[in-house]
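One letter stands for each residue in the lines below.
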Amino acid sequence: MNFFNHFGRYLLMIKGMFTRPENWKMYWKELMHQCSDIGIGSLGIVVVVALFIGAVSTLQTAYQLVSNLIPKSTIAQIVRDTVILEFAPTISCIVLAGVVGSKIASELGNMRVSEQIDALEIMGINTKAYLIMPKILASFIMIPLLVIVAGVLGIWGGRLAGTMAVILSREEFDQGLLSGFQPFNVRFALYKAYTFAFIISSIPAYFGYFVKGGALEIGKASTTAVVTSCIMILFADYILAALLL
Amino acid sequence: MIEIKDLHKSFGDKVVINDVSAVMEAGKANLIIGASGSGKTVFMKCLVGLFEPDGGEILYSGQSFTVMEEEQRKELRQQIGMLFQGSALFDSQTVEQNVMFPLDMFTRLTYTEKLKKVNEVLDRVNLNDANKKFPAEISGGMKKRVGIARAIVLNPKYLFCDEPNSGLDPQTSLVIDKLIYEVTKEFNMTTVINTHDMNSVMEIGDHIIYMYEGEKEWEGSNKQIIYSKSKKLNDFIFASEFLQDVKAMRMLDAEGKVPNGKNDNN
Ligand SMILES: Nc1ncnc2c1ncn2[C@@H]1O[C@H](COP(=O)(O)OP(=O)(O)OP(=O)(O)O)[C@@H](O)[C@H]1O
Ligand SMILES: [Mg+2]
Chain X
1 MNFFNHFGRY LLMIKGMFTR PENWKMYWKE LMHQCSDIGI GSLGIVVVVA LFIGAVSTLQ
61 TAYQLVSNLI PKSTIAQIVR DTVILEFAPT ISCIVLAGVV GSKIASELGN MRVSEQIDAL
121 EIMGINTKAY LIMPKILASF IMIPLLVIVA GVLGIWGGRL AGTMAVILSR EEFDQGLLSG
181 FQPFNVRFAL YKAYTFAFII SSIPAYFGYF VKGGALEIGK ASTTAVVTSC IMILFADYIL
241 AALLL
Chain R
246 MIEIKDLHKS FGDKVVINDV SAVMEAGKAN LIIGASGSGK TVFMKCLVGL FEPDGGEILY
306 SGQSFTVMEE EQRKELRQQI GMLFQGSALF DSQTVEQNVM FPLDMFTRLT YTEKLKKVNE
366 VLDRVNLNDA NKKFPAEISG GMKKRVGIAR AIVLNPKYLF CDEPNSGLDP QTSLVIDKLI
426 YEVTKEFNMT TVINTHDMNS VMEIGDHIIY MYEGEKEWEG SNKQIIYSKS KKLNDFIFAS
486 EFLQDVKAMR MLDAEGKVPN GKNDNN
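Keeping their order, the protein sequence lines are chains X and R. Numbered as in the numbering used here, the first sequence ends at 245 without a single skipped number. Numbered as in the numbering used here, the second sequence ends at 511 without a single skipped number.
Hints in this document: simulated from the structure, not taken from any laboratory. It cannot be assumed that every hint is accurate.
Stated by the list, open to error - Between beta-carbon pairs, the in silico distance windows are:
id: 1; chain 1: X; residue 1: Leu43; chain 2: R; residue 2: Phe379; range: 20 to 28 Å
id: 2; chain 1: X; residue 1: Gly180; chain 2: R; residue 2: Asp349; range: 20 to 28 Å
id: 3; chain 1: R; residue 1: Asn364; chain 2: X; residue 2: Tyr194; range: 42 to 50 Å
id: 4; chain 1: X; residue 1: Leu190; chain 2: R; residue 2: Lys377; range: 25 to 33 Å
id: 5; chain 1: X; residue 1: Gly8; chain 2: R; residue 2: Phe379; range: 36 to 44 Å
id: 6; chain 1: R; residue 1: Met246; chain 2: X; residue 2: Trp28; range: 35 to 43 Å
id: 7; chain 1: R; residue 1: Leu360; chain 2: X; residue 2: Met13; range: 30 to 38 Å
id: 8; chain 1: X; residue 1: Ala215; chain 2: R; residue 2: Met246; range: 23 to 31 Å
id: 9; chain 1: X; residue 1: Tyr194; chain 2: R; residue 2: Lys423; range: 55 to 63 Å
Cβ atoms here follow ideal geometry from the backbone N, Cα and C, with glycine treated the same way.
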């Protein structure tokens, strides 16, 4: 199958999700279940990644800014902006593409291969709506929240690393943090988060839902899903930057 | 009642179902028998729409399934129960949750009522000590029984069972056959069963279709099958010497008393 076949089938899958739920309560239950899976399930890794990325960016920015003419608080300013604009949304979402994406692809792939999806279809349930829609909605709810957590923790990690390595004092960092703050950057980060949330959930859902074969193919589908999602995230990242900045 | 007219299905060059016509009557156990790879599963999946046939027509109580919109199919499917060859249980749910799932989705019963119904059907399939277990923790035969329980919990009008007793011991097999037969009669279901279990054929085969390499080779009832002259069918059913002896004895017993199978001219 070439790119256009895949893309066409992907669009049809998205279109097929929009029908009236057979039972609102069951869909709600499934949504809550996915929210906890996606949100709580990947909180740990996002926290670790954000802390270290913030810490490293403080150290590296300090290393690059050797001039005495520039006040130390500028380091905090740079760390804040890179974390908010790029690291918190993009890096966390690339990590999430691995964690959430492979989970979605292998869960659906397993359901397809063991005929659980067929069993649902036979009962008269729209499996695209029941299985895929809650995953995408849950990502829309949880991933922006995770990105916000990553942003806050990233900056906090940077502050911690900066003071621990005696590069700048807490007061200097806080002063830099507040100067020249643009609320638009946070909005921009959230635009990114929503876009990436859609990519991270819908692309792996596509590869998982249409698996053919056995356990081996599930593994392959999940790898393809993660790789494709990562590339799409980077691509979308560039497009958004080019359009909105 | 399900009418099938000239059903045709191929995968690439390989013809798997070759212009099969049949009528599956309500209140009867309609058995499809045939060797492994003869197309039984594909045939059943065409009937329920999991495979789109390349040609032919399928009518459910006179309504053409082939031309139905997705929404209509969804409605019809709420009257269909199906047991898959591999059971297809939801592996993130317990046995109890699996059987309760159709009730959760399509009824407004209270939890206690649903639980009562679930225990009732689990009881009917002889399985009342596994409610809280997950599919990975039970044996293949138990999975089959859970699959049947899930398929019949909504009292469907049409019941499809793909090899309901492969992997079961003879005794449980009989229990399952009897159960399927009972609910078929009780609720006047149209039941279609894929099997290669000769016990089932003899016990519950109201209507039997023998498939050979994608074609309908013989059709008749369990009363007729023993007198069939189709060599392929005889080789398939009376495979062992023991069974051939049984056949010979039966034939002697009832020489000429019972008519031959409908299509039995080869
Ligand atoms: N999805 C598919 N794609 C291509 N060929 C298939 C597919 N499904 C089944 N076939 C082919 O169709 C033929 C019939 O398969 P089917 O599963 O219907 O056999 P069966 O009668 O159910 O056998 P068994 O008793 O072993 O279950 C086989 O030759 C199989 O290779
Ligand atoms: Mg089969």
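Here is what the structure says about each hint:
no.: 1; hint: X:Leu43 / R:Phe379: 20 to 28 Å; result: holds, 26 Å
no.: 2; hint: X:Gly180 / R:Asp349: 20 to 28 Å; result: violated, 55 Å
no.: 3; hint: R:Asn364 / X:Tyr194: 42 to 50 Å; result: holds, 46 Å
no.: 4; hint: X:Leu190 / R:Lys377: 25 to 33 Å; result: violated, 43 Å
no.: 5; hint: X:Gly8 / R:Phe379: 36 to 44 Å; result: holds, 38 Å
no.: 6; hint: R:Met246 / X:Trp28: 35 to 43 Å; result: holds, 38 Å
no.: 7; hint: R:Leu360 / X:Met13: 30 to 38 Å; result: holds, 36 Å
no.: 8; hint: X:Ala215 / R:Met246: 23 to 31 Å; result: violated, 40 Å
no.: 9; hint: X:Tyr194 / R:Lys423: 55 to 63 Å; result: holds, 57 Å
When held up to the earlier numbered hints, the structure conflicts with 2, 4 and 8 and fits the remainder.
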